[in-house]
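Protein chains: 2
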Amino acid sequence: MLKGYQSWEFTNRPVIIGTATVVGPDEGSGPLGDQFDIVHADSLVGQDSWEKAEKRLLEEAAKLAIENAGTTKDHIQFYVGGDLLNQIISNSFAVRTMQIPYLGIFGACSTSMEGLAIASMIVDSGFGHRVMAGTCSHNSTAEKQFRYPTEYGSQKPPTAQYTVTGAAAAVVAKEGKGPVVTGATIGRVIDMGIKDPFNMGAAMAPAAVDTMQSHFRDFGREPGYYDLIVTGDLASVGYQIACDLLEKHNIPIHQTNYYDCGLMIYDLEKQDVQAGGSGCGCSATVTYGHILKRMSKGELKRVLVVATGALLSPLSFQQGESIPCIAHAVAIESEGTK
Amino acid sequence: MLKGYQSWEFTNRPVIIGTATVVGPDEGSGPLGDQFDIVHADSLVGQDSWEKAEKRLLEEAAKLAIENAGTTKDHIQFYVGGDLLNQIISNSFAVRTMQIPYLGIFGACSTSMEGLAIASMIVDSGFGHRVMAGTCSHNSTAEKQFRYPTEYGSQKPPTAQYTVTGAAAAVVAKEGKGPVVTGATIGRVIDMGIKDPFNMGAAMAPAAVDTMQSHFRDFGREPGYYDLIVTGDLASVGYQIACDLLEKHNIPIHQTNYYDCGLMIYDLEKQDVQAGGSGCGCSATVTYGHILKRMSKGELKRVLVVATGALLSPLSFQQGESIPCIAHAVAIESEGTK
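Chain order of the listed sequences is A and B.
Numbering follows our numbering, with no gaps: position 330 of the first sequence is 1246.
Numbering follows our numbering, with no gaps: position 167 of the second sequence is 1083.
Only chain A is shown next, with the shape it has when bound in the complex (with noise of 0.2 Å):
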């Protein structure tokens, strides 16, 4: 049910019942590196394109997360997903070798959490009652489509991120084992005006504080309810950002471990990823592959993923806008068999 202006409470409490993460050879060199369901040696994913490679993965996760749920395909109603290529082709050709009917969504990097958020949304009021969201990303494929050809291998300021190559997919359903989700909070469209496009983090930190507060307000919590809030993909400049911003708008962060998915995937130091992870793969896979099997360890009870998501195009840098930004966040809570 509608939660406060702009959440939903899910109150039959719907279940991750499976996920899976396929990964690349970068990610699978990151710290988190061993959580990863598949770790790809080869970015091509022994295909012949990137765009290819993309679809690939996520193909392999959502297979794989339909295993995990000890589910078959036929048993699912609808898949919820989108990317960040144009027109998302990665999911739409996927699902037409899934074979479920299929809601198609974009919101950038922050399609992570609107998938799971509809998923959920679908699952609690008897739409469906086995739903996935997936989604997925390739630095290659971003590369060439959002800057510039990746042979051309071009310089970039130490504010710019880093594309995670990876594909994540999780199974919602009515019962089952697993975590739960809670609720969600759908963001507003943000944009101070920021128009570099190498620095997205400064850009969606306002939309995920946004987002963060007005989660707080809907549900009446404090940031200390959850043992974790991660955002999607601000790395460092963004995090910064966002550490100040709840600061100067006297939210509470310091009740909780607040940390952000495009800074726990990679190495900082050791890898050459700029400010750190971007791309609609980053907080899914970090959120599907490692804090959810920290969930499981009993190590986490409540967590609050906000993803965070970079409206642009092309186009729109071309023609001079400024970057509309936006995020999702979703409360998963363990709570064990239903």
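None of these hints come from the bench; they were simulated from the model.
Possibly wrong hints are sitting among the right ones.
Since the list can't tell identical chains apart, any single copy or any two copies may satisfy a pair.
Stated by the list, open to error - Each computed SDA-like pair below joins lysine to any residue, with the alpha-carbon atoms no more than 25 Å apart:
id, residue 1, residue 2
1, Lys1111, Leu1161
2, Lys1090, Ser1250
3, Lys1209, Thr987
4, Lys1213, Leu1231
5, Lys1090, Glu925
6, Lys1060, Lys1111
7, Lys989, Met917
Position chain B relative to chain A; hints supplied.
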């Protein structure tokens, strides 16, 4: 609640309390020209780029839909929308102006009914009291992005379609006066191997028929339940294929009036639109403009809108991929004041 395999039944019968349609000159001079709320004589709408014009159309439609619904934007919890442009910038930038929490979606031209279905589910299940669905397309932005530079004046085969310049929005509410949304069927991706982007009607027709068939199966209905069934934008080639496929699958489509929005919005004899209209704006403006007006006059009681979408990108075409297609159906029924 879930109905059958891939459909939603809206038992609380959410009401479309207000809509608005805004179109360009070609749509204004077509057979439905007097049914749209705003007709622009200038397809640039006073802006300095086609993209800004498309965004402007949507801003106008959203603003007017809210007015027509007798409410204000502060009383609308969520906006659900998308469009054909890369990273759905028309919607994301229009929502920046609206400042309503935002779920970005993408289903190519099926986005219109994907949005209405999701908005209706949110309202039906109590996850929002008032939710707006919107979409838009612009002939020149689509030409530029999917085909050739607009200045190039390339010739087209007669199977090609003409992207509608238009935007439409609908406010769905728990209570109020207007037609009610009673059900939806979410489509699967269907790809019959067609690779020609100048023949998208043929590519999309099997998806439309698949969704219709699923809809009749899930609801235990025959086509005769509806006074009118329209597909989104199959245009003349796709419409004929759909008619043939419906007959082949023994679906008694003769029980009802079946037509296609892409054939309704233009006069194919007099206007130079090849096989007919397409684009997210096509089914959206025809449904929210023309069809709902006929419902309010009592000429139609039950309508099924089967919006079709071709989920290709220029890049997937260049890489030799065929065109994955989808269709989402929404049932709208007259019910007067609730």
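Structure-based check of all given hints:
no., hint, result
1, Lys1111 x Leu1161, "within (19 Å within a copy, 50 Å between copies)"
2, Lys1090 x Ser1250, "within (15 Å within a copy, 33 Å between copies)"
3, Lys1209 x Thr987, "within (20 Å within a copy, 46 Å between copies)"
4, Lys1213 x Leu1231, "neither (45 Å within a copy, 43 Å between copies)"
5, Lys1090 x Glu925, "both (15 Å within a copy, 18 Å between copies)"
6, Lys1060 x Lys1111, "both (20 Å within a copy, 23 Å between copies)"
7, Lys989 x Met917, "between (28 Å within a copy, 20 Å between copies)"
Hint violations for this structure: number 4 only, all remaining hints satisfied.
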